[in-house]
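Enquirer: All chains, please: the whole structure from these sequences, using the hints.
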Amino acid sequence: MSGESSKITLYHTGYLKLPNPDVHYGRVNADFGQGFYTTDDHAFSLRWAREKKGSDTIINQYVLDQSGLKIQVLERNANWFDYIYRNRNRLPDRYPDADVIIGPIANDTLFDTMGVITSGLLSPEDSLKLLMVGPKYSQIVLKSEKAASQLNWVDAQVLSKEELDRHKTLVAAEEETFLNEFAQVMETL
1 MSGESSKITL
11 YHTGYLKLPN
21 PDVHYGRVNA
31 DFGQGFYTTD
41 DHAFSLRWAR
51 EKKGSDTIIN
61 QYVLDQSGLK
71 IQVLERNANW
81 FDYIYRNRNR
91 LPDRYPDADV
101 IIGPIANDTL
111 FDTMGVITSG
121 LLSPEDSLKL
131 LMVGPKYSQI
141 VLKSEKAASQ
151 LNWVDAQVLS
161 KEELDRHKTL
171 VAAEEETFLN
181 EFAQVMETL
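Numbers 1 to 189, taken from my numbering, label the letters of the sequence shown in order.
A portion of the hints provided could be inaccurate.
Okay, the calculated beta carbon distance ranges per label pair [stated by the list, open to error]:
#1 A43 x E75: 20 to 28 Å
#2 V171 x D56: 41 to 49 Å
#3 E162 x K7: 17 to 25 Å
#4 V154 x S55: 18 to 26 Å
#5 I71 x E176: 22 to 30 Å
#6 D22 x A173: 16 to 24 Å
Subject to a maximum C-alpha distance of 35 Å in a straight line, what follows is the list of computed DSBU-like cross-link-like pairs (lysine-lysine) [claimed, not checked]:
#7 K136 x K146
#8 K168 x K136
#9 K17 x K70
#10 K168 x K17
#11 K70 x K7
Simulated from the structure, these hints should not be mistaken for lab results.
Ideal placement from N, C-alpha and C gives every residue a C-beta, glycine not left out.
Expert: And the structure:
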């Protein structure tokens with residue numbers, strides 16, 4: 001890694017304070033496979049905030065020391081698409097030795113683009129075009145115990161009802177823009 005510091009601040013949104021997250025907990029078929037999903041973008045972490053009856057919504061803050069970690073960085077391209085496709089279909093991990101994977105989140109929460117591919121309705125090329133629609137948010141996934149051991153919990157912020165409502169409004173506006181862009185791309189396919 002270049003730069004003066006190998007430490008980065010990360011955020012994880014959920015319903016628990018997680019001073020010691022488990023990289024083996026969670027969905028095996030997530031974008032970058034099983035791991036502890038974070039972002040270095042505080043504003044993006046707020047977009048993931050959801051209300052859950054009887055639970056607080058919490059943003060955990062961490063500092064990750066990247067020294068000595070094997071980090072795989074992915075860009076929003078065909079290689080990234082293939083990696084997500086493989087993970088969501090539980091195929092062998094292409095980067096089994098990576099401690100950390102960094103790359104864009106797949107914007108397919110409103111439309112299951114990956115599901116459409118496996119159904120044969122869209123080609124992988126057309127599906128990639130659809131996954132390129134929308135904002136580019138980065139996720140940073142800790143995949144190994146080594147990475148987890150270099151993650152230091154800083155604090156946890158409990159979000160108020162007002163904060164949750166404000167971010168829900170922002171997400172709704174972003175989703176409307178996404179739907180319009182998605183429809184425009186669909187018309188070209």
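Enquirer: Hint numbers the structure violates, sorted upward?
Expert: The structure breaks hints 2, 3, 5 and 6; every other hint is satisfied.
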